[in-house]
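Engineer: Here the structure of chain E is known, so what remains is to put chain X in place on it, guided by the hints.
Protein chains in written order, with the numbering used here: chain E, 608 to 923; chain X, 609 to 788.
Treat the hints as calculated values from the structure; they're not laboratory data.
Owing to the predicted nature of the structure, the values given are computational and were not obtained by experimental measurement.
Check each hint, because a few of them may be wrong.
[Unchecked claim] Among chain X residues calculated to face chain E with C-beta under 8 Å, some are:
no.	residue
1	E628
2	G634
3	L638
4	L643
5	L777
6	R778
Positions of the beta carbon are idealized from the N, C-alpha and C atoms, including for glycine.
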Amino acid sequence: MDSSEQLIADSLSRHASDAPPDDRLLAGVHARLRRRRTGRSIGAAVVAAAAVATAITASQSLTARPHPEVAQAPVAGWRWESFKTVEVQVPASWTQYVSGAAPCPAVPGQPVVGRLNDWVGGRGQCTASVLELDERQEYVWFNDLRAPGIEQYDGGWTEETRLVAGVKVSVLTRDDALRERILNTARAIEGTDHYGCTPRQPRGHHSMIDSIDDVTAVDICEYYNGSLVAGSALTSPQTTAFDQALSVVRNFVVSRAGSCPQAPHFFVMTVHTHSTTRLVSFGVSPCRRPTNNVIFWGPHQQPQPLSHPAASPSTR
Amino acid sequence: VQHSGPGQRDEDVEAPDFDEWVTQRGAALLRFAYLVTRDHHRAEEAVQDALISAYSRWARISRGDDPEAYVRRSIVNADISRWRRFFRRETPRARPTEDTGRADESPDHAVGHAEHDAVWALCATLPAKQRAAVVLRYYEDLPDADIARILDCSPATVRSQIHRALATLRTTVETEEVKC
Numbered sequence: 608m609d610s611s612e613q614l615i616a617d618s619l620s621r622h623a624s625d626a627p628p629d630d631r632l633l634a635g636v637h638a639r640l641r642r643r644r645t646g647r648s649i650g651a652a653v654v655a656a657a658a659v660a661t662a663i664t665a666s667q668s669l670t671a672r673p674h675p676e677v678a679q680a681p682v683a684g685w686r687w688e689s690f691k692t693v694e695v696q697v698p699a700s701w702t703q704y705v706s707g708a709a710p711c712p713a714v715p716g717q718p719v720v721g722r723l724n725d726w727v728g729g730r731g732q733c734t735a736s737v738l739e740l741d742e743r744q745e746y747v748w749f750n751d752l753r754a755p756g757i758e759q760y761d762g763g764w765t766e767e768t769r770l771v772a773g774v775k776v777s778v779l780t781r782d783d784a785l786r787e788r789i790l791n792t793a794r795a796i797e798g799t800d801h802y803g804c805t806p807r808q809p810r811g812h813h814s815m816i817d818s819i820d821d822v823t824a825v826d827i828c829e830y831y832n833g834s835l836v837a838g839s840a841l842t843s844p845q846t847t848a849f850d851q852a853l854s855v856v857r858n859f860v861v862s863r864a865g866s867c868p869q870a871p872h873f874f875v876m877t878v879h880t881h882s883t884t885r886l887v888s889f890g891v892s893p894c895r896r897p898t899n900n901v902i903f904w905g906p907h908q909q910p911q912p913l914s915h916p917a918a919s920p921s922t923r
Numbered sequence: 609v610q611h612s613g614p615g616q617r618d619e620d621v622e623a624p625d626f627d628e629w630v631t632q633r634g635a636a637l638l639r640f641a642y643l644v645t646r647d648h649h650r651a652e653e654a655v656q657d658a659l660i661s662a663y664s665r666w667a668r669i670s671r672g673d674d675p676e677a678y679v680r681r682s683i684v685n686a687d688i689s690r691w692r693r694f695f696r697r698e699t700p701r702a703r704p705t706e707d708t709g710r711a712d713e714s715p716d717h718a719v720g721h722a723e724h725d726a727v728w729a730l731c732a733t734l735p736a737k738q739r740a741a742v743v744l745r746y747y748e749d750l751p752d753a754d755i756a757r758i759l760d761c762s763p764a765t766v767r768s769q770i771h772r773a774l775a776t777l778r779t780t781v782e783t784e785e786v787k788c
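So here's chain E without its partners, still in its complex pose (with noise of 0.2 Å):
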């Protein structure tokens, strides 16, 4: 090699460092190829409405489910949870849900279902790779911070963490065929998840409501920059199911006059009722973000006075 070539070689090097980073290359392409499966599936029935979700005025009636294909109801004991781009089975009875980096923000002595959000930054002041083994508990945990593989503790602790659909889905449990059953289940959201959300926020017209008769389930999606965050559904009898969704995101919002730097949050709500289905949507732009945040007790359950908080999702 000359000196010619030497000098395109090093400057070939230096500036090879400033090529753009591959955080985000595979969710991308993934994001790319749904695009192109779904097309415009959602479209003219999702609503966006205001900022503040308090007012609610106005409906709109849809007769059918939007997704019919959403389809394969969880194995008894089983519920679905989602986040961006894919979609897991846990159990029914983990019912505590954290929003954070693992292992730190999880309650000791319950299974925890964990997202680590876009929101949050990070891992913080959280450095272990696993509590003590008197704190300790199980958990599923979305896009957690570790990379794929299978981790090792004492106690007979292991920790799986796969890739699926751009996601790392982790397990935590002591319990080998409980960790290979639950990552199992793991997939990509193919058009909707479970609960009928799609991975990106769907786009559309609007409509309100102020109220609506014989509610028999809400199915819940929200939304952060675009992504999905959490698919859940809630199934109280008649109109205690809506006002508990509209509830939950009453308790979300916590709003001030002026602009706000955070990425809004949106949420679109499938109203099911005896005859129709609706569908209504939510722009919420918090200022800051409530300490009881809806994500620790659930998705979009209501922390009072749900006696079995996630017992609902999983029945559908």
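Structural biologist: For chain X alone, kept in the frame of chain E given last:
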């Protein structure tokens, strides 16, 4: 169940999973694409285009001996197509031998960086395929045969492309030096 390409269910052949492969090779592909396209957006788009194209053929590609060659070829072709579409509308760049060294650098380093930046700028003047050949030779350090597979041409053509590219670069540098 790992998310795989549509044909990944063929269990008789050990083929890399699409997601895992992209996770492992994504950064290298983006570096290659960036050196060829010289633009962040175009690099990301070229890599995504190539991977999307590969996804639908993943079972076949991954069973072959080198999925990377397929994807890199797609990246180069994507850039050539775009280049044709936009009539060689390149990203704005400084004049080839313009001194872009930073003022706070020591003289030796500043000269070195200026030379590198000049070479970088000169590479932009090369046709896309020549530029790809240069990147594959002088950054990836690949032999002629491997470059030929990626660029879908013969090893002799690769040697010719690189020879012409080097000649262009040397001539340009000499011309600029005379002007100075």
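Engineer: Work down the list of hints and note, for each, if the structure agrees.
Structural biologist: Hints versus structure:
1. E628: 7 Å, holds
2. G634: This interface hint holds because 4 Å falls under the 8 Å limit.
3. L638: Holds. Min distance 5 Å.
4. L643: Nearest chain E Cβ about 6 Å off; hint holds.
5. L777: 7 Å, holds
6. R778: 6 Å, holds
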